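One-letter residues, chain by chain:
Number of protein chains: 2
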Amino acid sequence: MIYDIVFHDGVLLTVNESCEAHENGVVGVVDNRIQMVGARTPGEELPRARRYIDACGGIIMPGLVNTHTHAAMALFRGLADDLPLLSWLEEHMFKAEARWVTPESVYAAARLAFAEMLLSGTTTCCDGYFFEDAVARAAQEAGIRAVLAQGILDFPAPGVPDPSKNVSTAMDFIGNWQNQSSRIIPGMFCHSPYTCGEQTLRRARDAADEAGCLLQIHVAETRGEVEKINEKTGRSPFAYLESIGLLTDKTLAVHAVWASEEDVRLIRDNGVGVSVTTESEMKLASGVAPLPRFLEAGLVVGLGTDGCASNNNQDMFQEMDFVAKLHKVNQLDPTALDARTALHLATRGGAAAVGLENEIGSIEVGKRADIITIDTAKPHWTPMYDPNSHLVYVAKGSDVKNVVIDGHLVVENRVVRTMNMGQVIEEVEKWALQIASSH
Amino acid sequence: MIYDIVFHDGVLLTVNESCEAHENGVVGVVDNRIQMVGARTPGEELPRARRYIDACGGIIMPGLVNTHTHAAMALFRGLADDLPLLSWLEEHMFKAEARWVTPESVYAAARLAFAEMLLSGTTTCCDGYFFEDAVARAAQEAGIRAVLAQGILDFPAPGVPDPSKNVSTAMDFIGNWQNQSSRIIPGMFCHSPYTCGEQTLRRARDAADEAGCLLQIHVAETRGEVEKINEKTGRSPFAYLESIGLLTDKTLAVHAVWASEEDVRLIRDNGVGVSVTTESEMKLASGVAPLPRFLEAGLVVGLGTDGCASNNNQDMFQEMDFVAKLHKVNQLDPTALDARTALHLATRGGAAAVGLENEIGSIEVGKRADIITIDTAKPHWTPMYDPNSHLVYVAKGSDVKNVVIDGHLVVENRVVRTMNMGQVIEEVEKWALQIASSH
Numbered sequence: 005m006i007y008d009i010v011f012h013d014g015v016l017l018t019v020n021e022s023c024e025a026h027e028n029g030v031v032g033v034v035d036n037r038i039q040m041v042g043a044r045t046p047g048e049e050l051p052r053a054r055r056y057i058d059a060c061g062g063i064i065m066p067g068l069v070n071t072h073t074h075a076a077m078a079l080f081r082g083l084a085d086d087l088p089l090l091s092w093l094e095e096h097m098f099k100a101e102a103r104w105v106t107p108e109s110v111y112a113a114a115r116l117a118f119a120e121m122l123l124s125g126t127t128t129c130c131d132g133y134f135f136e137d138a139v140a141r142a143a144q145e146a147g148i149r150a151v152l153a154q155g156i157l158d159f160p161a162p163g164v165p166d167p168s169k170n171v172s173t174a175m176d177f178i179g180n181w182q183n184q185s186s187r188i189i190p191g192m193f194c195h196s197p198y199t200c201g202e203q204t205l206r207r208a209r210d211a212a213d214e215a216g217c218l219l220q221i222h223v224a225e226t227r228g229e230v231e232k233i234n235e236k237t238g239r240s241p242f243a244y245l246e247s248i249g250l251l252t253d254k255t256l257a258v259h260a261v262w263a264s265e266e267d268v269r270l271i272r273d274n275g276v277g278v279s280v281t282t283e284s285e286m287k288l289a290s291g292v293a294p295l296p297r298f299l300e301a302g303l304v305v306g307l308g309t310d311g312c313a314s315n316n317n318q319d320m321f322q323e324m325d326f327v328a329k330l331h332k333v334n335q336l337d338p339t340a341l342d343a344r345t346a347l348h349l350a351t352r353g354g355a356a357a358v359g360l361e362n363e364i365g366s367i368e369v370g371k372r373a374d375i376i377t378i379d380t381a382k383p384h385w386t387p388m389y390d391p392n393s394h395l396v397y398v399a400k401g402s403d404v405k406n407v408v409i410d411g412h413l414v415v416e417n418r419v420v421r422t423m424n425m426g427q428v429i430e431e432v433e434k435w436a437l438q439i440a441s442s443h
Numbered sequence: 005m006i007y008d009i010v011f012h013d014g015v016l017l018t019v020n021e022s023c024e025a026h027e028n029g030v031v032g033v034v035d036n037r038i039q040m041v042g043a044r045t046p047g048e049e050l051p052r053a054r055r056y057i058d059a060c061g062g063i064i065m066p067g068l069v070n071t072h073t074h075a076a077m078a079l080f081r082g083l084a085d086d087l088p089l090l091s092w093l094e095e096h097m098f099k100a101e102a103r104w105v106t107p108e109s110v111y112a113a114a115r116l117a118f119a120e121m122l123l124s125g126t127t128t129c130c131d132g133y134f135f136e137d138a139v140a141r142a143a144q145e146a147g148i149r150a151v152l153a154q155g156i157l158d159f160p161a162p163g164v165p166d167p168s169k170n171v172s173t174a175m176d177f178i179g180n181w182q183n184q185s186s187r188i189i190p191g192m193f194c195h196s197p198y199t200c201g202e203q204t205l206r207r208a209r210d211a212a213d214e215a216g217c218l219l220q221i222h223v224a225e226t227r228g229e230v231e232k233i234n235e236k237t238g239r240s241p242f243a244y245l246e247s248i249g250l251l252t253d254k255t256l257a258v259h260a261v262w263a264s265e266e267d268v269r270l271i272r273d274n275g276v277g278v279s280v281t282t283e284s285e286m287k288l289a290s291g292v293a294p295l296p297r298f299l300e301a302g303l304v305v306g307l308g309t310d311g312c313a314s315n316n317n318q319d320m321f322q323e324m325d326f327v328a329k330l331h332k333v334n335q336l337d338p339t340a341l342d343a344r345t346a347l348h349l350a351t352r353g354g355a356a357a358v359g360l361e362n363e364i365g366s367i368e369v370g371k372r373a374d375i376i377t378i379d380t381a382k383p384h385w386t387p388m389y390d391p392n393s394h395l396v397y398v399a400k401g402s403d404v405k406n407v408v409i410d411g412h413l414v415v416e417n418r419v420v421r422t423m424n425m426g427q428v429i430e431e432v433e434k435w436a437l438q439i440a441s442s443h
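If you read the protein sequences in the order shown, they are chains E and H.
Here the first sequence stands for residues 5 to 443, numbered as in my numbering.
Here the second sequence stands for residues 5 to 443, numbered as in my numbering.
Source of the hints: derived by calculation from the structure; they are not laboratory data.
Just so you know, not all the hints are guaranteed correct.
Because identical chains share one entry, a pair is satisfied inside a single copy or across any pair of copies.
Claimed, not checked - Below, a list of computed lysine-lysine pairs in the DSS-like style, where the Cα atoms sit at most 30 angstroms apart:
#, residue 1, residue 2
1, Lys434, Lys382
2, Lys254, Lys169
3, Lys254, Lys382
4, Lys232, Lys382
5, Lys99, Lys382
6, Lys169, Lys382
Just so it is clear, the structure is predicted and the values come from calculations on it, not from any experiment.
Bound conformation, chain E alone (with noise of 0.2 angstroms):
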């Protein structure tokens, strides 16, 4: 038996359902798939293998897994902060967007934000945006595994200037990409309850089951929504989708800030997954998802870091951070939310949430080989009593050395192989001139 690559030397936190670890953890990868997970001792030697990943002593863990993002905005980081919502939205967002958006900016923005993602032990992203065929191409080409939507919204958008032809035009998108890759899985992304009509959503949905597709929404961001979506239909957000047939087991409801005990009830009677991205929640002031309770009725949950626009970054290590601290202090509870909490929604739980739950998040036989390494021979890293807990509270995106995904070593060394970073950062800065002259 000769494996296609082996990891070894490392502490294997495989994150299965037991949480089971290995102090010198080995890794037998073929093809595309996990085929052995073990530990070795002193002096055994390794499998054979076409290629070695030495972890030095540091962490091998499955891939972080984002489920919720819009990777193409990283054009807008830090374009316009510390704005009231509707100002940032109205007179900052919707402008660039309007102005910038074309496939061209898509592509070289969304190749931006995969490298960052690479570099920082993302494996899995979840994406939804306007041209998502340049999103799909950028993906491709960056080696990451990614669910991808075309963005459905009901008034004119980059790429689709007749609204009525949204759910057309996402459809064409799940045609284009289904079955074309063993790592873009597409699907549906309705923008929300308060930009898409009732008959929209329903298109969408029928749309999505017909292709066996996931159907991202954002719903219940802000109490705005809440009221709003109330007034027009006496009901909660998400009491309203469910009345329309949009909840269901396919379904990925993001932020949730704002869901009631009765919307916790529909989410889970419906088998609903929820993204919570706390650092753009946080910074865009929505609100503080009731997180701890969604965990506590059984929810489906995984993190997101939504887009650069609203963030600004995409590491989820520190989005992790984030969400244990936040919720402690938001229930001035120490133990609201801890450490391998935090960890399991950022690997198996963001898994199961987009519906890629045996496939990915967590290293065990048979699921897809995205495997990173951690390199822990640094002053912040030490001592290391539980490399749990500093996975939350210490390590930083920086940290991570090597990305498999699919089976492919796309960072080595943090070194991402699948792209000229020089050239993907220069295209990318290019944009932004024009855009700062201009704004």
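Chain E is fixed; fit chain H onto it per the hints.
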């Protein structure tokens, strides 16, 4: 004129009173002071210098000021997390400290923490702990600027088994280090109004006044503390401290999480500095300090990481990100605390809080040469519309490239020049092995 060091080819953020910035900045250093601050026109020759530090298109800025830490607690980083406060403190921290805190372990762990600080751009820290002589030796060797104080408690502490000697031990420390180094500034540190009795507090204040030193004290960290002091004295912790003369413009009140409106008035009227340690206060679930209110009231405020047992890192860039995002969501107002304010707090604000506003905290002629450069040629820094925003919402400590303190280059291209890092890490790991096996 030949400068000792010239910084060039970066965006210069002076963080002076008017937040002056130069697209292509130049800073000239002679000995340990800044002698020239300006900009260069394209093609203009650089001033003559013995050493040039090329920021390579990145950022040149003042080093960060960490106004509260217990450096040597790096020894216990991640030893006990996610626990109720009393169990964390009494079952874990106090026991671990009683057994493992020695001059040798304090020296080893402080060196490690200082390395972490330097590598993440902190040039000044304010520390209080036991065996502070060992901390001072470590700081002196590391090259960091440090306000240091021997901890005072009214019960037996490491190195001070007889509490009646607590103030005199702290005075000895001041005597040993006053005017010994341009970087080591000794002071007093009373642990808190609930662990030090009135007589101890008064004696410490008198001794600090006589030496012209800063007196640090944890105040109003938890609701429990406020209740306890109120029961005992009929006053809030701040009002009680004022009544016994503890609140002066040479006092640094740490935490102030539960400061009332009346307390804010006392803090302001007495010119007390405040240190807010957001990540620690979140992780221990102490509460959210009313920092926007402090700023509105014109208080002198800085940020701190607190020790590694309650954060668990020493990265002040991350601290800025947490502080800006936490207050936005806490007030449901995205304008509650903006990036420039966070940057001010971590530099000028911190300098003023520890009484060094004339010496450090900004890049201005006559101030000490405590300057860092940031490497921005990375995906997560791209594009850069506003460096202030990126320093708060994007930067990681690991983006710091060069660090000059008091005119000395202590970190060059991410390598600490003042310590053998392999040895520093190994030494702490030796201690940690013993601690882990007995924990």
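Given a CA cutoff of 30 angstroms, do Lys232 and Lys382 count as a within-copy pair, a between-copy pair, both, or neither? neither (50 angstroms within a copy, 41 angstroms between copies)
When no copy is named, should Lys254 and Lys382 be tagged within, between, both, or neither for a Cα gap of at most 30 angstroms? The answer is neither: 42 angstroms in one copy and 36 angstroms across copies each exceed 30 angstroms.
If the cut is 30 angstroms between Cα atoms, do Lys169 and Lys382 qualify within a copy, between copies, both or neither? For Lys169 and Lys382, the Cα distance exceeds 30 angstroms both inside one copy (53 angstroms) and across copies (38 angstroms).
Within a copy, between copies, both or neither: which one fits Lys254 and Lys169 at a CA-CA cutoff of 30 angstroms? Classified as within; 23 angstroms inside a copy, 68 angstroms across copies.
Checking Lys99 and Lys382: alpha-carbon separation at most 30 angstroms within a copy, between copies, both or neither? between (44 angstroms within a copy, 27 angstroms between copies)
Same-copy or cross-copy closeness of Lys434 to Lys382 [CA-CA at most 30 angstroms]: Intra 35 angstroms, inter 15 angstroms, cutoff 30 angstroms: inter-copy only.
This entry does not satisfy hints 3, 4 and 6, going by the numbered hints stated previously.
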